[in-house]
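*Asks:* So you can see what is in the structure, the chains are spelled out below.
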Amino acid sequence: MSSPLVAPPVAKAKAMYCPNCGGPVEFRGFGHALTVVCPQCLSVLDASSPLLKIVQDAQDAASRRTPQIPLGTRGKFAGAAWEMIGFQTRGVEEDGVTYEWEEYLLFNPYKGSRYLTCYQGHWNFVTPVESLPERRAVGGRPAVFFEGNLYRHFSGAMARTVFVLGEFPWRVKVADEVQADDFVHPPSVLSSETTSDEVTWSKGEYTAGADIWKAFALPGSAPRPQGVYLNQPSPFAGKVSGSWGLFLLMEFALIVIAIGFGILSRNETVLDEHYKYSTADRGEPSFVTKPFEITGRTANAELIIHTNLINNWAYFNLALINETTGDAFDFGREVSYYTGVDSDGSWTEGGQSSTATIPHVAPGRYYLRVEPEMEGSVEPPVTPATAVPAGTPSATPSAAAQRRPPPVKVNTVYYEIILKHDVPGYGWFWLAALLLLIPPIFSTIRSAAFEGRRWSTSDYPPTRGG
Amino acid sequence: MRYAGYLIYSMMMLTTATWAEYKGWTFSSVNQVKNVPKTVRDNPGAYRSHYAFYPRYVGGK
Numbered sequence: 507m508s509s510p511l512v513a514p515p516v517a518k519a520k521a522m523y524c525p526n527c528g529g530p531v532e533f534r535g536f537g538h539a540l541t542v543v544c545p546q547c548l549s550v551l552d553a554s555s556p557l558l559k560i561v562q563d564a565q566d567a568a569s570r571r572t573p574q575i576p577l578g579t580r581g582k583f584a585g586a587a588w589e590m591i592g593f594q595t596r597g598v599e600e601d602g603v604t605y606e607w608e609e610y611l612l613f614n615p616y617k618g619s620r621y622l623t624c625y626q627g628h629w630n631f632v633t634p635v636e637s638l639p640e641r642r643a644v645g646g647r648p649a650v651f652f653e654g655n656l657y658r659h660f661s662g663a664m665a666r667t668v669f670v671l672g673e674f675p676w677r678v679k680v681a682d683e684v685q686a687d688d689f690v691h692p693p694s695v696l697s698s699e700t701t702s703d704e705v706t707w708s709k710g711e712y713t714a715g716a717d718i719w720k721a722f723a724l725p726g727s728a729p730r731p732q733g734v735y736l737n738q739p740s741p742f743a744g745k746v747s748g749s750w751g752l753f754l755l756m757e758f759a760l761i762v763i764a765i766g767f768g769i770l771s772r773n774e775t776v777l778d779e780h781y782k783y784s785t786a787d788r789g790e791p792s793f794v795t796k797p798f799e800i801t802g803r804t805a806n807a808e809l810i811i812h813t814n815l816i817n818n819w820a821y822f823n824l825a826l827i828n829e830t831t832g833d834a835f836d837f838g839r840e841v842s843y844y845t846g847v848d849s850d851g852s853w854t855e856g857g858q859s860s861t862a863t864i865p866h867v868a869p870g871r872y873y874l875r876v877e878p879e880m881e882g883s884v885e886p887p888v889t890p891a892t893a894v895p896a897g898t899p900s901a902t903p904s905a906a907a908q909r910r911p912p913p914v915k916v917n918t919v920y921y922e923i924i925l926k927h928d929v930p931g932y933g934w935f936w937l938a939a940l941l942l943l944i945p946p947i948f949s950t951i952r953s954a955a956f957e958g959r960r961w962s963t964s965d966y967p968p969t970r971g972g
Numbered sequence: 189m190r191y192a193g194y195l196i197y198s199m200m201m202l203t204t205a206t207w208a209e210y211k212g213w214t215f216s217s218v219n220q221v222k223n224v225p226k227t228v229r230d231n232p233g234a235y236r237s238h239y240a241f242y243p244r245y246v247g248g249k
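Just so you know, the protein sequences line up as chains A and B, in that order.
The numbering used here applies: residue 507 is where the first sequence begins, and numbers increase by one.
The numbering used here applies: residue 189 is where the second sequence begins, and numbers increase by one.
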């Protein structure tokens, strides 16, 4: 025959009666309570006396607050079982506005007391601190050093008790005031409460409301937090430095690849000829160059035009034509260079050279069609140099290059065309380098905005431009 | 992974830039024309550039 099952003993609240209204007053704190509040008339009673002496008359019914965690609710949180035995709301007044928060006293007969605080949906699990934080100053602002971390002063104000309910292991009543200061090191906050007699410290850890709802099996879901709380962990914490680290790594990789391209690109000059064009020349201005061979892989080509233009312009219609396939790259380049002196001093505009990059040029046999244009002049003076037919390579290129420019109205241009194939171009790498900047900059801005919102409610709100 | 998104984005940027450089892509305005007649070689004036009718700058300060 089996022995009868014996249920484990369950701790029950001890009941006494309120001397004001006669209603039952429950005790859950195993005799630790110094203050208890009658749940019916809200009188604050001295629990150290068996007679429950009235410390404070019944609180105004209008001041009654309903705790989100009902008195007597038990739950397992932070590795221990807790029962909610006391509830109070406190507030600070700023500019005529009272900001209230809730404090829930949790009790465990072996662990003692802990607290849950709630402000606009932001919860903290608070533990009394045994050792004294070391006071410091950072940037002229108060701070404390505790357990290897620096906590920066966030705000300080006189906190006033607005409403109390349940029981407390200390003496408490409505309208009690303490100087409360918060020092933050998200997700932790160190709070000091200073009275004329003592300074007490406690440490809070930011806690998700959903975890509390789950731990205490509360109905519904936790209210959504509003705004950014003083020790709310930033969703960008660590991401900013990490993204910048990754950015540097990627930039380094980009530089290595770019250097590799610089080394491996052939940068081969396939055409380098000097020409002359004058509007005085009769006949067709366009001409084709001698054929030249482009070898190697399909790559870009760079066409450079150097001219001797001064205070004039020339336009070059150009076509790089594959002699075999008939495929052509058709493009144009204007070269204009103006210079002078005015009341502001000397000035220049444009340049005597221009460069065009031709994409994706496959190997093959090519020639270049060149059609220069300049503003026509009526009768440009004919010089021995202009007697050379259009498109004829200059017999002495170096001499042509050194020749001084003719007078402005002559409208003759001496120019050199250089065509290079497989030229290292870094434009795409520059673009990639800039695009790589976007995520870390975005992350930095968002992080700064989050911290700005955090500190906007502090005693040290960020100032514009400062 | 914490930076998976940024890592993927970065690798895409690197790959695209490398591929674009390798293939010789440019931002330049260059028209590709097919089947240019071989007679252009002997008669360059017979070919008309796409850019032949663009307005010209004749400026200066």
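I should point out that these hints are in silico values taken from the structure, not numbers from a laboratory.
Cβ coordinates follow ideal geometry from the N, Cα and C atoms, glycine included.
There could be a bad hint or two in this list.
[What the hints assert, rightly or not] Cβ-Cβ distance ranges computed for the label pairs, FRET-style: (1) B:ARG236 - A:PRO797: 54 to 64 Å; (2) A:ALA868 - B:LYS226: 41 to 51 Å; (3) A:PRO530 - B:ALA192: 26 to 36 Å; (4) A:LEU940 - B:ALA192: 19 to 29 Å; (5) B:THR204 - A:THR950: 19 to 29 Å; (6) B:ARG236 - A:PHE948: 25 to 35 Å; (7) A:ALA586 - B:TYR191: 15 to 25 Å.
*Asks:* Next step is simple, just say for each hint if it's right about the structure.
*Replies:* These are the hints, each one checked on the structure:
no.	hint	result
1	B:ARG236 - A:PRO797: 54 to 64 Å	violated, 21 Å
2	A:ALA868 - B:LYS226: 41 to 51 Å	violated, 18 Å
3	A:PRO530 - B:ALA192: 26 to 36 Å	violated, 59 Å
4	A:LEU940 - B:ALA192: 19 to 29 Å	holds, 22 Å
5	B:THR204 - A:THR950: 19 to 29 Å	holds, 24 Å
6	B:ARG236 - A:PHE948: 25 to 35 Å	violated, 49 Å
7	A:ALA586 - B:TYR191: 15 to 25 Å	violated, 37 Å
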